[in-house]
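Same order as they appear, the protein sequences are chains A and B. Residue 233 in this note's numbering sits at position 233 of the first sequence, with consecutive numbering throughout. Residue 187 in this note's numbering sits at position 187 of the second sequence, with consecutive numbering throughout.
Among the hints, a few may not be true.
Think about it this way: if two alpha-carbon atoms lie no more than 20 Å apart in a straight line, the pair counts; the simulated EDC-like pairs of lysine to aspartate or glutamate are [unchecked claim]:
| # | chain 1 | residue 1 | chain 2 | residue 2 |
| --- | --- | --- | --- | --- |
| 1 | B | Lys99 | B | Glu140 |
| 2 | B | Lys6 | A | Asp181 |
| 3 | A | Lys26 | B | Glu140 |
Residues from chain A shown here face chain B by an in silico Cβ test under 8 Å; the list is partial [unchecked claim]:
| # | residue |
| --- | --- |
| 4 | Lys40 |
| 5 | Glu44 |
| 6 | Gln58 |
| 7 | Asn77 |
| 8 | Gln165 |
| 9 | Ile166 |
| 10 | Phe188 |
| 11 | Ser248 |
| 12 | Val254 |
| 13 | Ile275 |
| 14 | Gly286 |
| 15 | Ser300 |
| 16 | Leu303 |
Covered, in the sense of this in silico footprint (three residues per stretch, anywhere, with C-beta under 8 Å from a C-beta of chain B), are these stretches of chain A [claimed, not checked]:
| # | segment |
| --- | --- |
| 17 | 138-152 |
| 18 | 209-216 |
No wet-lab data here; the hints were simulated from the structure. Every value quoted in this text rests on a predicted model; they were computed, and no experiment measured them. Heads up, the beta-carbon is just placed ideally off N, CA and C, and yes, glycines get one too.
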Amino acid sequence: MGAGSKTEATVKARAELALNDEFLRKAVRFTTERLRNGKKKASEEHGNWDEWRERGKQIRLHTIAHLDYYLNLFVNNARANGVHVHFANTGEEAVKLTLDIAEHANAKSVVKSKSMVTEELHLNHALESIGVEAVETDLGEYIIQLAGEMPSHIVIPAIHKNRYQIAELLSKEAGYTLPPDTTALAGFVRKKLREKFLEADIGMTGCNFAIAETGSMVLFENEGNARMVSTVPKTQITLMGMERIIPSWEDLEVMATLLPRSATGQKLTMYMSGITGPRRSEDADGPDEMHIIIVDNGRSLQLGDPEFQELLNCIRCGACLNACPVYRHIGGHAYGSTYSGPIGAVLTPSLNKNIAEWDDIANASSLCGACYEACPVKIPLHDMLVYLRRRKVESGNGNKLESIGMQGFATVMGNSSRLGGMLRLGKLGQKLVVRSGVIKTKLGPLKGWNTYRVTPSLPKESFRDRWDTLDQELKQGLKQMEPSMQQRMEELVKKRELEQKEGKGGHGHG
Amino acid sequence: MADTHKQWLEKLEAESRAKQELFMNDIAAKLRHPRMTQPPQHPYRGAPDFWKAFEWPEEERIKEFTDNFLSVGGHVARLQTMDEAKEYIVQKAQEMSAKYVVRQNQPELDALDLEEALTDSQVSVWNTDPEQYWRARAAEADFGIVIADHAVAYTGSVTVLSAENKGRSVSLLPTVLIIIIPVERLKTRLGEVLETFDQAGRDQLPAGIHFISGPSRSSDIENDLTIGVHGPGIVYALLVG
Numbered sequence: 001m002g003a004g005s006k007t008e009a010t011v012k013a014r015a016e017l018a019l020n021d022e023f024l025r026k027a028v029r030f031t032t033e034r035l036r037n038g039k040k041k042a043s044e045e046h047g048n049w050d051e052w053r054e055r056g057k058q059i060r061l062h063t064i065a066h067l068d069y070y071l072n073l074f075v076n077n078a079r080a081n082g083v084h085v086h087f088a089n090t091g092e093e094a095v096k097l098t099l100d101i102a103e104h105a106n107a108k109s110v111v112k113s114k115s116m117v118t119e120e121l122h123l124n125h126a127l128e129s130i131g132v133e134a135v136e137t138d139l140g141e142y143i144i145q146l147a148g149e150m151p152s153h154i155v156i157p158a159i160h161k162n163r164y165q166i167a168e169l170l171s172k173e174a175g176y177t178l179p180p181d182t183t184a185l186a187g188f189v190r191k192k193l194r195e196k197f198l199e200a201d202i203g204m205t206g207c208n209f210a211i212a213e214t215g216s217m218v219l220f221e222n223e224g225n226a227r228m229v230s231t232v233p234k235t236q237i238t239l240m241g242m243e244r245i246i247p248s249w250e251d252l253e254v255m256a257t258l259l260p261r262s263a264t265g266q267k268l269t270m271y272m273s274g275i276t277g278p279r280r281s282e283d284a285d286g287p288d289e290m291h292i293i294i295v296d297n298g299r300s301l302q303l304g305d306p307e308f309q310e311l312l313n314c315i316r317c318g319a320c321l322n323a324c325p326v327y328r329h330i331g332g333h334a335y336g337s338t339y340s341g342p343i344g345a346v347l348t349p350s351l352n353k354n355i356a357e358w359d360d361i362a363n364a365s366s367l368c369g370a371c372y373e374a375c376p377v378k379i380p381l382h383d384m385l386v387y388l389r390r391r392k393v394e395s396g397n398g399n400k401l402e403s404i405g406m407q408g409f410a411t412v413m414g415n416s417s418r419l420g421g422m423l424r425l426g427k428l429g430q431k432l433v434v435r436s437g438v439i440k441t442k443l444g445p446l447k448g449w450n451t452y453r454v455t456p457s458l459p460k461e462s463f464r465d466r467w468d469t470l471d472q473e474l475k476q477g478l479k480q481m482e483p484s485m486q487q488r489m490e491e492l493v494k495k496r497e498l499e500q501k502e503g504k505g506g507h508g509h510g
Numbered sequence: 001m002a003d004t005h006k007q008w009l010e011k012l013e014a015e016s017r018a019k020q021e022l023f024m025n026d027i028a029a030k031l032r033h034p035r036m037t038q039p040p041q042h043p044y045r046g047a048p049d050f051w052k053a054f055e056w057p058e059e060e061r062i063k064e065f066t067d068n069f070l071s072v073g074g075h076v077a078r079l080q081t082m083d084e085a086k087e088y089i090v091q092k093a094q095e096m097s098a099k100y101v102v103r104q105n106q107p108e109l110d111a112l113d114l115e116e117a118l119t120d121s122q123v124s125v126w127n128t129d130p131e132q133y134w135r136a137r138a139a140e141a142d143f144g145i146v147i148a149d150h151a152v153a154y155t156g157s158v159t160v161l162s163a164e165n166k167g168r169s170v171s172l173l174p175t176v177l178i179i180i181i182p183v184e185r186l187k188t189r190l191g192e193v194l195e196t197f198d199q200a201g202r203d204q205l206p207a208g209i210h211f212i213s214g215p216s217r218s219s220d221i222e223n224d225l226t227i228g229v230h231g232p233g234i235v236y237a238l239l240v241g
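Please construct the entire structure, taking both the sequences and the accompanying hints into account.
Put into structure tokens, the structure is as follows:
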């Protein structure tokens, strides 16, 4: 798993690699644009989008706030349906359970439909280590599995491959040369995977939603492979994140309204399946034995954390990726983890509880708030990115140079005459480097900064000259802030102040 | 062997039940409330109220369903009687020289007597012979024929429920899928169908509930739309009545 995907240590290095790949950059931009426009059109056409978002958020908030009740209800109902339910606190436990089930089923092969959880666990590799073939059956996932790579987009995993590369990969698998033609390539995959579905001992799925009141699990897909995987093999294993719960089928209408429109701009995916237990004894298809493994793997760390609990509301639509200017430039692999884009930048360090190692992806964001705007359940991702950066600095893992710079900044900014002096100095100094209104030099004090950005030249009318007007505009803007956001921010500030008074650090993760 | 497997499952269940308590207690502790055992108030259940009041008249439902289904590459025919549906199916089977046909075992389909009418095809009726491996029968079929349990105009979707006489494979494995929709089953909103599952309750639900909104599709190769990746690539919705 992941050959060549984590060779460079930092997001910066990986992003440089991505930025060098012309095709990747174009493909990512084209795809994200297509999905983003699709979402825009679908949400406008549907109408009252903000009311639906708000409803989606409320349902998710309510479920997570009472997760012990709803998850327990789901488990009891699923068991009553004849499902074998298991719990895994860690990824390792989930893998161990899966391998145990595979061994008892004497499995030679497993067919899988798309599941981010199994990506998280690197399950394919584990299955292969006990001699079980694991086959991804989603067209895009199948392609990147053959290439030995990780998905670069949550919805379109092989976004980074062109059809010539795909034809080469599939030709190797076929043993003869396939033309670089989409229909021919998809036709080959259909035939090849048909055999795999029919001979597989185990079908493995993820879970988009789990309905607490009936113990059912719901899958959204376009290809039909998730239906194959959950209909044809004798044994079904479903891996679900512990937070996938919604209370009822009625609530599913809201999720089914938000998820496909946000992901691909569709009114509904071609297939939406609700599966309630293994096949009934009189049925002639469906699995004989069905297992659901409920996975924590870092999720419960967000529970009770006022800054990050809302992460658990995520419905994995990928809209924040398509909206994010950074993702659109560097693509998914640059994030170096299972989840990419703004949601990945927050989710990965949160699930891993290791800020120091992963936090550099929190910096792969311009904090513009496009992710929040795009999110169908209104997760304040841009706020969370700021919290992450703050926690990183507080834990002593900030960027040393940046800290020194910031101290210098504070020294200058703390004293207005000193600032005035600096500005005059700067205006003088910049005459040497300004070209057509911007500074592109990579020399001297702006070297690091200008590798990625272009510094605007200092304006004739300075920021300080315009401060009074801006100050007023800003205050006006704050008044117009959405009440719920303002309330949340105020609560956070109050809580932080209280904790500081009590002498608690309080910002450690978990 | 059977015994060992059963014992192993029992062992797993015992472990699972023990762990369930720890798992839920841990969640409650992190949420900083005592374990909840009573259903909480859920004031935001389901779609917003304005949406629940929304309903199209029948002709509008038929028009919207048709537009939606066509827009994703499906085919729609508006027919008056089941006899017309039979004619339509026979004609399509001849056009495409369907060799193998599999259909659900329902009285409405029995009445069409396709076995007699489709002289050049071998028609199998789902789950009528316990010796058959029915998944393979469906996989080899050129045509699968089903009757919709529900349909939704707003999303252009059809719902099929599994049962002894209604296989999940029949709407999934054949190359061509034909869905007969009695128009009185065509609703406006998704929620109208979903709420029937809440009303039915856990023990009345079938193993498989499938919403189908058109032919199987993918855009995974260079964003190029491909039809019929795993499921049926050609889907006919016959609105009857």
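- Task: Could you check if Ser300(A) really has its C-beta closer than 8 Å to a C-beta on chain B?
- Result: holds (6 Å)
- Message: Min Cβ distance, Lys40(A) to chain B: is it shorter than 8 Å?
- Response: Violated. Min distance 17 Å.
- Query: Do three or more residues from the segment 209-216 of chain A put their C-beta atoms closer than 8 Å to C-beta atoms of chain B?
  - Reply: Since 4 is at least three, the answer is holds.
- If you take the shortest Cβ to Cβ gap from Glu44(A) to chain B, is it below 8 Å? violated (16 Å)
- Given Asn77(A) as an interface hint, is the shortest Cβ-Cβ distance to chain B below 8 Å? holds (5 Å)
- Restraint satisfaction for Phe188(A) [CB to CB of chain B, less than 8 Å]: Nearest chain B Cβ about 11 Å off; hint violated.
- Is Lys99(B) close enough to Glu140(B), meaning Cα to Cα at most 20 Å? holds (9 Å)
- 20 Å limit on alpha-carbon distance, applied to hinted pair Lys26(A) and Glu140(B): Status violated; Cα separation ~41 Å.
- Given Gly286(A) as an interface hint, is the shortest Cβ-Cβ distance to chain B below 8 Å? It holds, given that the least Cβ distance between Gly286(A) and chain B is near 5 Å, below 8 Å.
- Task: Three residues minimum, CB to CB under 8 Å: does the segment 138-152 of chain A make the cut for coverage by chain B? Let me know.
- Result: holds (count 4)
- Under the criterion of a CB-CB separation shorter than 8 Å, is Ser248(A) in contact with chain B as hinted? holds (5 Å)
- Message: Is the interface hint satisfied for Val254(A)? The criterion is a beta-carbon contact with chain B at less than 8 Å.
- Response: holds (6 Å)
This entry does not satisfy hints 2, 3, 4, 5, 8, 10, going by the numbered hints stated previously.
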